[in-house]
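J.: Which chain is which? The protein sequence lines are A and Y, in order.
The numbering of the first sequence is this note's numbering, which starts it at 3 and goes up by one.
The numbering of the second sequence is this note's numbering, which starts it at 2 and goes up by one.
Quick caveat, the hints were computed from the structure, so don't treat them as lab data.
Be aware that one or more of the hints could be misleading.
[Said to hold, decoys possible] Calculated pairs, BS3-like style, for lysine-lysine (alpha carbon to alpha carbon, straight line, at most 25 Å):
id, chain 1, residue 1, chain 2, residue 2
1, A, Lys488, Y, Lys229
2, Y, Lys229, A, Lys357
3, A, Lys468, Y, Lys229
Source: prediction; values computed, not measured.
The lines below spell out each chain.
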Amino acid sequence: MRLLCLIPIAAALLSGQPLEQKAAQARSLMEAGRFADAALLWADLAKAVPGNGGLLLNQGMSLHMSGADAKAIPVLESAVKLGAPPPAFLFLGASYLRTNQPAKALAPLKRFAAADPNHVEVRLMLVDAAGLTNQPAEALPHLEALANLDPQRPAVWYQLGRTYEELAFAEFTQLEKLFPESGPHFALLAESRSKVSQNRAAFFFYRQALAKSPNMRGLHQALADIYRRTGEPSWALSEDVAEVKLGEPNCAAAKTPECAFTAGNFPQTLALARPLRTADAFYWRVRAYDALARKAFGRLGQLPESAEGYRFQAEAHRDANRHAEAAAAWREALRLAPGQPDFARELIAALLQTKQYAEAQKELDPLLAKSPTADLNFLQGDLFLAQQQPDQALPFLKKAAAQDPRLLPARAALARALLQAGQPAEALPHATAALPLDADGSLHFQLARAYQAAGQTEAAAAAMAKYQQIQARTKAQERVVDEQVKITPP
Amino acid sequence: MNLLFLLALAQVRFENVGGVDFVLQNHATPQKQMIETMPGGIAIFDYNGDGRPDLFFANGATVPALKKEGPKDWNRLYRNDGNWKFTDVTESAGLQGEGYAMGAAAADFDGDGHVDLFVAGVQRNLLYRNLGNGKFADVTAKSGIKSSEWSVAGGWFDYDGDGRLDLLVANYGQWTKMQDRFCGDAARNLRIYCHPKYFEPRPNQLYRNLGNGVFEDVSVKSGIAAHKGRGMAVVFADYDADGRLDAFVTNDNLPNFLFRNLGNGKFEEVALLAGVALLDHGKPIASMGADFRDYDNDGKPDIVLTALNGETFPVFRNQGGGSFSDQTFASQVARLSNSRSGWGVGFVDFDNDGAKDLFTANSHVNDLVEKFEAATYLQANAVFRQTKGKFAEVPESGLQSTLAAHRGAAFADLDQDGRMDAVVTVLSGKVEIWRNVSENSGHWLQLDLVRGLGARVEVDGQHQLLMSSVSYASSVLDAVHFGLGASAEPRRVTIVWPSGQRQILNGVKVDQRLRVSEPAR
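So that you can see chain Y by itself, here it is in the shape it has in the complex (with noise of 0.2 Å):
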């Protein structure tokens, strides 16, 4: 049989292969605290500047003290031994952290090489440098980005053209450690999590690299804290294509937001005119994770987030002229998402056929959902796969029998077999690690670029961005990578570099991951 024929029969399928014992401690209360319903990132990045992906994964701390308590509480790092098998370098690292973790977002700031982190939580915020030794230094208070807001993500993007990578950080409402409004069914002494509309919406933040370690807040001057928000995911794509990096992020049960880059070091949100701060149906969601890349492969980047059950996964096609379209229905997503509640998302295409698929991690946010309406709290992560922009579900992904409370997901190769992997976190439970083990997967190739986030990449007409942020509060730094269907032929590879340098490569190899670095000018 000739691989178009098995391409068409290719079935994405994961594997749960464990190796990693993190648990995500979410400190529940009786007192339904909301934060404790929302942590769960992860960052996949190298670390130690072995090839191989490693993972980090933000953890909780007590509530309402915001402490950590012990081992069991500190963030955790894993270094990436190869073959499935995960080595705990939390302590000898020194991420142990402290607070309430909930987001990470990695990238190297400091252009030295090695991918350093910034991890989100709440009223407390953290930026590690990584020494390249293995160790992080904790350098938030010199770096200047302290604050006291409930931050649930961040993401680096250069959003001046400096060179230098800058910071954008995603704040949900105000929450006092004092807050104890009784929410849910006081008949049947049913306390449940709080609506978002008794979080009082934030402004996001957006921190200047100065490039000496130190981060300006310019988020008043950059026009980014003039909107309030509740913000969950931010993530990245120049979607009118003028050169410059945009930010969506979205915003629980507000319209979420686009910020355009004019340009001029300010930032104008025009998420509305452009379609994507709302469903047509103009109610807001429960927005939560979010990708904004491009699925169906015409050069433009879309979004995709996640929301709670009953409202979809709104899928938003960008028609080119700064504005999307409502595709939620037409890709069949609505129809697929309508019983499920997501949290972490993202286009990547598992079986290599060309086209992007769709990951969601799954769970309600209320754990006692079942006795409101018909949905669960446990839910299983689900992958629809996609053919011409349409979707379907995968009915033997082997995702379907873990029922969980899933949060965070990030995906990335982690054994380098050519097949994109997801790990998924889970409240109070160990950390799913998804091992893609379809079979009859098409081509593929991966391009590893040295210090290359913001750079843009072509592969037959396919198009990706290097950016770290992805899903609900996690970050990616690894290869981009291209699934290549059929045909084995070597590759013409274009690279835009965020210097503007195009590169292009000719008769690249398929199946092989290539590092590339920027051609001296």
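Extracted from the complex, chain A is given alone in its bound form (with noise of 0.2 Å):
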């Protein structure tokens, strides 16, 4: 940070000769490094000269400097309730950042932006502070600002594109509240499944969309598309021809989002969609944040190697369950940035996919050794159990499950790990625990199992019972969509 540089601002405020002597004092201690003794000078200068927010603002910036924040905070908030120099923003703003209190920091990091509009740092703050209270809108304008500012930053890109996105889904989110019956809505969620080759699933929605909205542009070239992957070319040329009925839209008559988003202009497109709350204007701020988050890492991806490229192509590997091909791109990202837990706990589980059990301890004998969390012995103990080794696994389940009994995943497989074992009295508790988790039935099983082998019947039955009802359920969710799903002639 440019922080010397502003002490003589503070410093030229004084007058008198041993308040000089002491701010330069004060200033060489911070040349030194030596911020906390620079503060308590800062401090006696502060109080000599009373409602001196450029002082305050030294003092501020000085005990931040040494990682005093909770003490630099109320008086960097002093500082500027006194008019002190924009750098108070900054620095009260880093302040709550290494405080933990992110949304507190917003604000006079955004003051700072104004001030500053090209302050990469301040920028970047923001971002984490937007992120951190998962306000993706709030960081947005940082991105777009970080993306001018400095474009080599593969980071800014990557994040930039999981900004994009993670809009995207919330307005998207939103629509599905508001119209949920909407042809856009439908459209939408057969895109999804297009995307992903869920060719049947796909079909369904496309044509629940049009049946909503049959003017709606792209919805017969989409089945007509559906048509043609699933070896029926004949059944795509009626869609075909609908799609040419529909024509163009009239650009030149007014200004759409959709032409906006057909001339391939995004941010127009937001722009005309942003004033209206129709499930059309929902729809078309969904593309075009979507295609904004492509167009990011589209540039991260033409860049030179960075580890945020490789995360990013890890990422897409791991959402299409190629997890050898994710676990590749993890180690290159481990290469490019050693040492990320984030990174190698990803690896970690690419590899659990894979079924590289002898690898996966590699990567996460350092981690637990560095960092034992109940996350970490959690991942341990999994470790063991997928290899068939319950009672190896057991301590660190154990473990997991002390450190944070709300970690029900580390519960369920404590339970299972303990039935394996033969001790099916100590496994009730935690499979009782972990039934939130239950989603097909598996750990009320897992439960009446472990009644059973403890001897009691009754809550055996009970438990079983409960695994049939939600089988049951499951099945008929099944056969239902499975009925709705086929693909059928035009």
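Two chains, two frames, a set of hints: combine them into the complex.
T.: Following this line, the structure appears as structure tokens:
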């Protein structure tokens, strides 16, 4: 940070020899990196010259630089109230961030960014603060600014892409909530299925979309594409004809989000759609954000190799269930960002998926040695369980459950390990605790087996009945979906 | 050295002696039609009454036409001439077959003393009557067992105690010739066999033998058809000791079935309650082959089944009272099987020490599995030696070096030397004939029970039930084998014939194959 350049601003306000000397001494201490000592001198000076925002800024800055952020915050708050120069906002925001108060960091950081819009670090801090408070819309302008200020920084393009995706998802969620039966909603559902080659589901939703919005462009074309992909080219022809009949939008007559989108002008699409709360407007906002995300990731791909570039690839592979490729990409990411714990965890997860247990163990050992968190203990236990070694899994799973009893996957794994190891009674509390995770009934089944092995037959029967209920419900749902989801002629 | 000491050193060992040139034609297609990864049933039975077990192999056909293109697609019967010589007698026996065959089940369904044959297949099952002159007659149409299901396995048992053998057929899911779903990784153009969930479950079928060469489909009225699954193997035992034979059917990625015989012509599906539907973790696995036999010599039949790597080969120990406990981990089989994918399977005492060992015919179902995870498609078969309920890898069994797409497996003493051999089919590969050459194995006794299917035999506290269904889509109708360990003392043999008549033979010499008929009442 450009800190030391700020010092003369405050020092110039002083008059009187002893004070000037003290200020000079404080400056020297700061230059020498002795920020705590400097903070004491600045505090003396601020006391001697009350109401001087500049001195408070220097004191707060020194405290921040010495790591005493909790102490810096009230000083800097006072400084900004007294009209201290913009860096007070920067340091105040930075201290809030460091003390895990990102929501409070946003306002001062924004004030500073307004004063110095090309300041890269404040933009990065704003992105962090917005991210930590789950406010992608807050992060977006700063990421967009960073993309201009520092276009060679891969992290910016990665985060920008992910932020656009988050905004697309938020718009979709709103659309789903406000217009669940609308054509645009069904069209987006269809597109999402189509992207992952779920042709039957995509077909079903396109048909739904068409029923609700018969004049929506692109739906007939999408159906035609599905027909072709699934070996029914003759059925595709009539959809081609129907699409042509709809014609092009008359963009000369009116500027619409659709026109802007078709022209590839996604920011304009957003601008035109933003004031509207129609299903169409939500639809175009989703599509525009999505397109912008693709563009950002495209830029990331054009940069020289980077950890974020590999991270993006790894996540794409992971989401497509290509775990071997994901593992390879995580390895590359870790080569460029050694020791990055999130990447290492992801690598271990990918190795587990591809049953490369020895490799996973090699990656997990240093992480666990450095930081034996509940999460990592669970991962270790899970790794042993996957290798059919419940005895080895037990100590780790027990640790994980003790460290964080709310880590339900660890409780479920512990129950399973105890049951396998012939300790059904001990498994019972953990199997019971894990029940909220039970989507397919398997945890109720596990609980029933534990009860049965522990000789509690009535409880076993009740848990088994619940398992059967869940199974029956799931099957019924699957039947309904299966009935609905068939590719039929136009 | 005495035999007791030698037995401790016994090493289960096999040699692939070949001698049979059968190649299983699965007709793999670029479309990866599921049926093509699943054939490979075997039947071992003495078709010509010469006392030696002969070999029958179910074979594939073109896909999707399901037509046998020529002799290479024929099902095959090999006559055992002794001394590891086998002669192909398919044509003279009239067993070439039709359609895409999957499994086989041998039994003398008409009680004429000649072992007949059921062949399960894709949308076409066949029933052959052994005419006793080396020839078989296709009696499918007359018998009334015609089916359009995709059947994988069949099993003979007398469920209603009328003295006639009935037929239970395990059906997989709905498959049509036009099915062409792309499964796999389109981005890398890696097409693989689709997940079983894409094949709608189907009910199994039960045919009651009416005694005149005709069968009645009692699937619905027996309660069997009320349960839909993706059946792959069917095996029988009286798990609840009520004197009636029950049926266990493995289901691919669905809970398995245990059909409890209620004795009134009806069955109740009790697998969940009995604890054999799923492993204790509650997730369905790719259950494939199975055996239903008392491995721990406590007089109660246990269950083992094969599945894919990472799923283990579950071992369910019969605790009595109609329930089983999951002993997969405790028996050590979890650890031994975790990296393997199995099809054929059997509890067989290969070293004659009195404890049944475990043989598994291995290969993954997905021939591109290496592109997706740390697993191998081609795998070696495995034998795990049992000591007091725990199984251990046999490191130099001779099986390890033969990596292949193994499927069906069946076990019999082909050379009648007192050691149980194994036959394993291979997709697009030559069948493996594994001669048991274990040294220092124990004494033995084999009881060839005339018309004895369903008989229960006890020797030395070991219990065997003579059933022909075993393993994956396979069948063995041969003498009941007992490994007797170090003692050469004559033994007492107890036989409970299907009629209920109990027969006790005292002072039976060991190391012999003894033919026994039910005494006249």
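J.: Hint by hint, note whether the structure agrees.
T.: Against the structure, the hints come out as follows:
{"no.": "1", "hint": "Lys488/A - Lys229/Y", "verdict": "holds (22 Å)"}
{"no.": "2", "hint": "Lys229/Y - Lys357/A", "verdict": "violated (32 Å)"}
{"no.": "3", "hint": "Lys468/A - Lys229/Y", "verdict": "holds (20 Å)"}
Checked against the numbered hints given earlier, the structure breaks only hint 2 and satisfies all the rest.
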